[in-house]
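Undergrad: Here is what each chain is made of, one letter per residue.
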Amino acid sequence: MTLELGLFVVLAAVAIAGAISLILARHPIRSALSLIVVMVALAGLYLLQGADFIAAVQVIVYAGAIMVLFVFVIMLLNAGEEERTSWSRMAHYAGIPLAIYLTVQFAWWVADGASALGLPTAPAESESTRRLAHLLFREFVLPFELTAILILVAILGTVVLGRRES
Amino acid sequence: MVSPSYYLTLSAILFGLGVIGFLFKRNVITLFMSIELMLNAVNLAFVTFSRQWSELSGQVYVFFVIIVAAAEAAVGLAIIILLARNRQTLNVERINLLKL
Amino acid sequence: MPENLLLTIIVFLPAAGALGLLLLRAEDHLWIRRAALTVALANFALSLLLLAGFDRTWPGYQFEEMRPWIASPPIHYHLGVDGISLFLVLLTTFLVPVAVLASWRGITERVRMFHILLLVLETGMVGVFVALDLFLFFVFWEVMLVPMYFLIGIWGHERRIYAAIKFVLFTMAGSVLMLVAILWLYAATGSFDLPRIQALLANGALVLPPVTELLLFSAFFLAFAIKVPLFPLHTWLPDAHVEAPTAGSVLLAGVLLKMGTYGLLRFCLPLFPEASRLLAPGIAALAIAGILYGALVAMVQPDLKKLIAYSSVSHLGFVVLGIFAFNAIGIEGAVYQMLNHGISTGGLFLVAGMLYDRRHTHQIDAFGGLATPMPMLAAFYLLLCLSSLGLPMLNGFVGEFLILLGVFRVEKWWAALAACGIILSAVYLLWSYQRVFFGAVTAEPNRHLPDVDRRERILLATLAILVLGMGIGSPMFITRMEAATTRMLREMERPSVHNVGPVAPERPDPTQLLRELERLRKDLQPVE
Amino acid sequence: MPPAATDYYRLLPEIIAAVFGTTVMLLEPFLRREHKAALSWLGMLGAAAALAAAVLVRSDAGPAFFHLIQADAFTFFLRLLIYATALLVMLAARAYLDRENLPHGEFYALVLLGSVGMGVMAAAAELVTAFIGLEISSLSTYILASYRRDALRANESALKYFLLGSFATAFFLYGVALVYGATGTTRLEQVAEGVASVLLLKLGLALVFIGLAFKVASAPFHVWTPDVYEGAPTPVTALLSTAPKAAAFAVLLRIAGTVLPATLLWFWVLWVSAALTMFVGNLAALVQSNVKRMLAYSSIAHAGYILVALAAGTEAAYAAALYYLAAYALMKLGAFTLVAHLAGRGERRLTLEDYAGLARREPVVAATLSLYLLSLLGLPLTAGFLGKFYVFVAGLRAELLGLVVLAAVNTLLGAYYYLRVILYMYFREPGATYEPAAREPVPAGTGLVLAATAAGTLLLGVFPGHLMRIAELAAASFR
Amino acid sequence: MLLLEHLWILLALPLAGAAANGLFGRHWSKRTVDAVAVGASGLAFAAALELWREFAQLPAAELPWVRSYFPWIVAGEFRADFALQVDQLTLVMVLVVTGVSWLIHIYSIGYMAGDTGYARFFAYLNLFLFFMLLLVMAANYPLLFVGWEGVGLSSYLLIGFWFLRKSAADAGKKAFIVNRIGDFGFLLGIFLLYWTFSATDFRSVLAAVRLLPVETEAGVLTAIGLLLLTGAIGKSAQLPLYVWLPDAMEGPTPVSALIHAATMVTAGVYVVARSAVIFVHAPLAQDAVAVIGCLTAVYAATIGLVQTDIKRVLAYSTISQLGYMFLACGVGAFAAGIFHLMTHAFFKALLFLAAGSVIHALGGEQDIRRMGGLRRKIPWTYGTMLVATLAIAGAPLFSGFFSKDAILFAAYVSGHRLWWGLGTLGAVLTAFYMFRLIFLVFHGRPRFDEQAVHVHESPRVMTVPLMVLAVLSVVGGWLAAPKLWGGADLLERFLTPVLEAPAWLAGFAAEELHALELLLSGAAVLAAALGFFAAWWLYLRQPGKPAMLAARYAAPYQLLLNKYYVDELYAAAVVRPLLWLSERVLWQRVDVAVIDGAANGTAHTARRLGEQLRRMQSGNARSYAAWVIFGAAIVTAALVWWVQ
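Protein chains in written order, with the numbering used here: chain A, 1 to 166; chain B, 1 to 100; chain C, 1 to 528; chain D, 1 to 479; chain E, 1 to 644.
Misleading hints may appear alongside valid ones.
[As the list claims (entries may be wrong)] Which residues of chain C face chain E? A partial, calculated answer using Cβ under 8 Å:
id, residue
1, SER218
2, LEU296
3, VAL297
4, LEU404
5, ALA416
6, ILE422
7, TRP431
Hints listed in this document are in silico derivations from the structure and should not be mistaken for laboratory results. What you are looking at is a predicted structure, and each value in this text was computed from that prediction instead of being measured. C-beta: ideal position from N, C-alpha, C; glycine also.
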């Protein structure tokens, strides 16, 4: 058992635990915190796979910014514990079993399919961040610019939705 | 070196848990968090495949996904706030004016 | 035949007239009626030109027009008439002015819209009879539903909404499958052009497997059978007839039902002769069932219009039976009977409408003894009844006689059973006539009903003249159908592997040969 | 090698739309309240300019931005559709925004920016680009759905749309990831080349299909549609039911046309989904008494017809699908615009009863609505009929007799409820809910939209040749 | 040769009269109407006479004389022209029809004088004449059918002439419908003719039939014969389709005289005679004719015994006499049949007209139980009616004596003794009920209120036709008189070219036949005398006896009085079940419940499915998500597992 595997196991366990906790937690704040845990664990996994930049972004943007937003909203809305209202029958009797089935089945298929891929052929790249930058501003400059529009839309959205009624 | 299939299996499990969460939760905010969880699972898959194929574009995609997630969060939370203000509830089960 | 626009004009003049009506003020009822009548009469006059220019020896289509319409898939604006459709066009253009006149007093609301719809309906109806492109045919076939839907739905009686919906849904139920069949034919032949598809089938360039032919036939047949309506698909008819305003009933009975039988003749038989032959016994059984059933049910109707409606079921059964006799006598009789039915049943509805205008009911019980206050109406109605029950020297007899004669040559029992319908038609028509017109006046409001006024008298007299004239002068009509019928029957004799029977050698006609060459050349011209 | 001028040129329509959208957004705060409506002109100008640019760019077909997008005939067709829709929606919305007292600027900006996303989807030759396009269009429509901020139904509509939309997008994205994993690329042209894991590719394509099927509202992923369409402000519903749907279909079509495995894989799924979608849409629409909701179900049914063409999978079928999309957009835009007008302030009059006797009060309006309905029904001489016609022909040529027959039967189901609306308008007398005072004249913009869509519906119904030619060229670009 | 070339003139005259009176008569004075109607029929009679004259000059080779005027129905290879023909049979018929008709027109002037529908009546009467002439002059079966149905129409119109009375309208309808049942067979007969011979004109068909062998067992000719017979049964009111004729007495009496006694009802006999060749070649069919005729003759006579309505007695008598004509045709004595047709036309018309005169005199009374003793009050009527009664009863030297005798003779000689016996029995009955009528009406004591009813003799315009007919009833039979002293029957000889001579004549020597003739005549006279005396005994000598007999034999009496309950039987067996079937089963079950039920059921099912689908739309986002997951599970499973 290599170090990598050990770390993977630990991080994966944390991630899964976090995810389950997200589901089971009754207070939204707990859920949010669980999600942050998952994200951080994932950042670790990115690091393990040599994706340093992404790992950093994951922590900064995702865990740092987005989740803070979530927490902020939860606080703002003063969301309390989840009510236990009646289930929608469809969601209860079909949805949950199907979702569990899908989880298992996906995991199975993905594992099955990925094993066909074999191990990576080349070692993790050095200076990946630089190459990433190149990719981002050359080959993928279009999506990049498009994300600008996306953010514009988001801004516009918050303005529209958040504006006090005049 | 850990086989990519481990990572991918983990990503599938997390994705599935996100799906389960979406069904299981009632608070719209946590519902939304479940979606975030799914996106994170996707990101993990992207990163893994990126390494698998020695192709950095996978990581670029993750970058985009994170941006998208951010934008979505902004809009989504704005909608949720609006709704919570108008209806005084966050329970998705109670939001059923439109039906049949 | 030189290219000319006569058919196009006849088809679209009413539509243009309908647009023209929009220019009139909606309150100008009198002028709207006059304008609509003028357009309708003008169209009738124009269609008489068809009759004048019709060459009775030429078996193919006449007054043909063919223009590309849609490039891909190749759809042409292809019109033409032959001996079969010629008179149906005339019948249509004749009945529309009748319908306009029939509504003179009965329709007082939304008058402009009513006449617009009537004229649009005329375009659709004439179009159905002259379209030679399957796509074009379908377009007219469906388009005509809309005005009828409105006519029934807006100006109908109590259950008009139910009747209107039922009418449209029944018709569409058949026509959607027909559409699929049309498209299937296109997929197989690459053409929507009826003559061309016929040519392909006739010369063996396209051989339909028996099952396919059967399916295609069934799809077409269903659409037409509903329209006819053939038992047991007829239940829309009584409702539609009863609820429709007079003009609607007249056109419904007079023209729309004929579209079904016309479709059988124009499409089912020539395109799918084998399937037609195979299914003929079953269809004949349905037709006969319809004849007897329609007559029996008509007998016990308490509602005059419903009675006439069921009588239509019975009469159209004769027509279908005649068509499926597959011989010239039967088919010519059937076509002639279509015309007769259009006139006599149209006329019966007209009179029912006149009664309704006066009494606002169709219930037979509400009448009785009407011959005393309105002897003229009684006389006309009797004449129409007699025409409808097939009294010799009146038009109905010739059609029924020929149909039965044609059928008798094929299958004696069919004719024998169908002939029972003749007895029954006398029963229900005379019985209803007695209940409406004979006896002493029982209901007070009936005592002083006005007899026919000038407009009604002109209408009814016109019909009466036709009823008599067509009963005596039938060869004037039937000889013009002869060539087309013979051609159609010849087309049904297909050089197929299934039946290689001795076919009498045709005497070659040099002029005809030249014409065939001419049309072949036209067909072979590349599209676009 | 940075992107060259041609790359930008080939993206010109989207760039123009984005620029105009941004401009509208930036100008908005500087205008006085009463002048803000003028922004609609700017917005429409933007859409018109984008349209013009699309025509301009048409001559210079080809890939751009490292094959992330394709500015081909297919893209051209959809750009026409999307920007024309945007233009009409803005035109129709102006009066609506005035009536409902809603802010103008952001609306036009969102529509324009959203159409940029849709344009990108139409052009995208790579899945992540398509995803981002999808997100742009989705986010803007989420916001638009909630544009009537104080209306509970609009909120709810937006929330459901947002939650379920994001949920489905996640599926799509996961599918993209798996396709990427299976083949090492997300560029459609290369996907089929180096398949390392068939299983992953299958799963990936399945998930991509699910994501897109959600967007086009095919059964059983249609469940969100009625609620969202009903709750959203009606001009937004008009937009929702047309442009984003067309864009999603564009992605589906491009994948099906370019990625051979997808074509083969999806066949049965498309078949079943088409049948199911038609039936679900039509059957559920039968029992609706709310016109807007009924039209929502009808949208579902129409997606089913388009899926028939997709299942047929031939070039002619794709052309038919495109034609259908255009025809469908015309009639749906018209219908929803009218519904928006008739609903009155606060969108209160939406039930069939409210339409009773409409023909008496507003004959022209009733006639126009009838035209749309008849076209939706598929009556000849309307665009809807030719759409169905082309789809059926393509289906039969691909030997999908069963599916075509089912589609034909569905036409009949459709006839019932479309005619029912006509029935209420023409055959019934005004009901108790009718307030004579509430009658409003048709605003100029709305009238223009109605005239355009009605004329288009008729024109495409009688002379489909020209548009069909463009559609055929578009479909040929996958060759 | 004006009329031979333009046979249509004969038809055009009454048609013009009908059209003129029908269209404009309402606005004309009675005199004008009279002039037109009587003029038209009189001219027709004159034309018939002229036709006779011209016909007599025709060489035999040109017979039958056919003139075709225009094609009437042409379709495929079928062709029926509007073609008229004249031969001996036609000529006899034309003369009888126009002659009797003219007299009755004249009579009607008086009889109908007070009626409001005066012009209408004469229009109908002329119309009838037109159709009747068409019937007898038609040169092919389809055209004959035109006349056939046309006279049916006129009959319908005239029976229902007083349409305010429900019974009249009912009777008219009944007549038309029952006739239609016969026409159904007739029509099929025409089809079968065409099917067999590819022609429908008499000349071709009959010529073709002559070439065929006599059918020993049922063949196509038998079928044709039976089908034509069906038509004839309907029109000539034979068993079992006779039921309409008694009811037809609802019409004005001149109508009963003209249509339902003298002319129209004999059309069946005419058709059988016209198709004589066919029947001769189909012995089975011919036997059927005889059987039906024979049975009808006796059957109707028995009913006639007890009827109390003066016109109904005559109606049953008509049915009975028509039976004799059928019997004649059935045993091959077509000429005898036609002969009886002619004499019957005279005396039966006379009987009806006289009865009409009685009714007229009594102000509308028709029940013979409320008559009596009229002999002196209306002597002309009495005298003429007595003549007619003697004629019908077969009193020697009266016309009926000769014609009935010819029929019974033929029946006997042809070897059908039973039929002869029945015929003779019928003769007894005939004499009985006719004299019963005479005695009850004219003899004995008046049984009506003499104060209330002012009995008066009819005007001249009515009595003159009576007298003319009375003369004819006497002399009408003398054409056959030479037979009594061994000569030939002139009419028979005249008709022979058209009608087949009976084959059985060949087996007898002339003297033998003559002896037999005299013997059988004697028997017939005895039969008539028997009937007369029975009537005299019961109704003059012992006036109380009939009631006693009726009481003693209540069951048979009631049976006869109620006409064997045939109308009731038809109502119970045919009419009511058919109505029930139509209304309860076909309409309310099949149409409404089954067919509409299926259609509405489909719609209902669709709506129910719609409701179910609607319930899917719970409004709950989580359940929507569940649907998405459901779809995802299916799609992924399908793609991964099922699709290769």
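Undergrad: Hint by hint, note whether the structure agrees.
TA: Structure-based check of each hint:
Against a cut-off of 8 Å between C-beta atoms, the interface hint on C:SER218 is violated, since the closest Cβ of chain E lies about 18 Å away. A cut of 8 Å between beta carbons decides the hint on C:LEU296: the least distance to chain E is about 4 Å, and the hint holds. Interface hint at C:VAL297: satisfied, since its Cβ lies 5 Å from the closest Cβ of chain E, which is below the 8 Å cut-off. For C:LEU404, the suggested interface contact is upheld, since its CB lies about 6 Å from the closest CB of chain E, less than 8 Å.
Among the interface hints, the one on C:ALA416 holds; its C-beta lies about 6 Å from the nearest C-beta in chain E, closer than the 8 Å criterion. Given the 8 Å rule on beta carbons, the hint for C:ILE422 holds: about 6 Å separates it from the nearest Cβ of chain E. Checking C:TRP431 against chain E: minimum C-beta separation of about 6 Å stays under 8 Å; hint holds.
The earlier numbered hint that this structure contradicts is number 1, and it is the only one.
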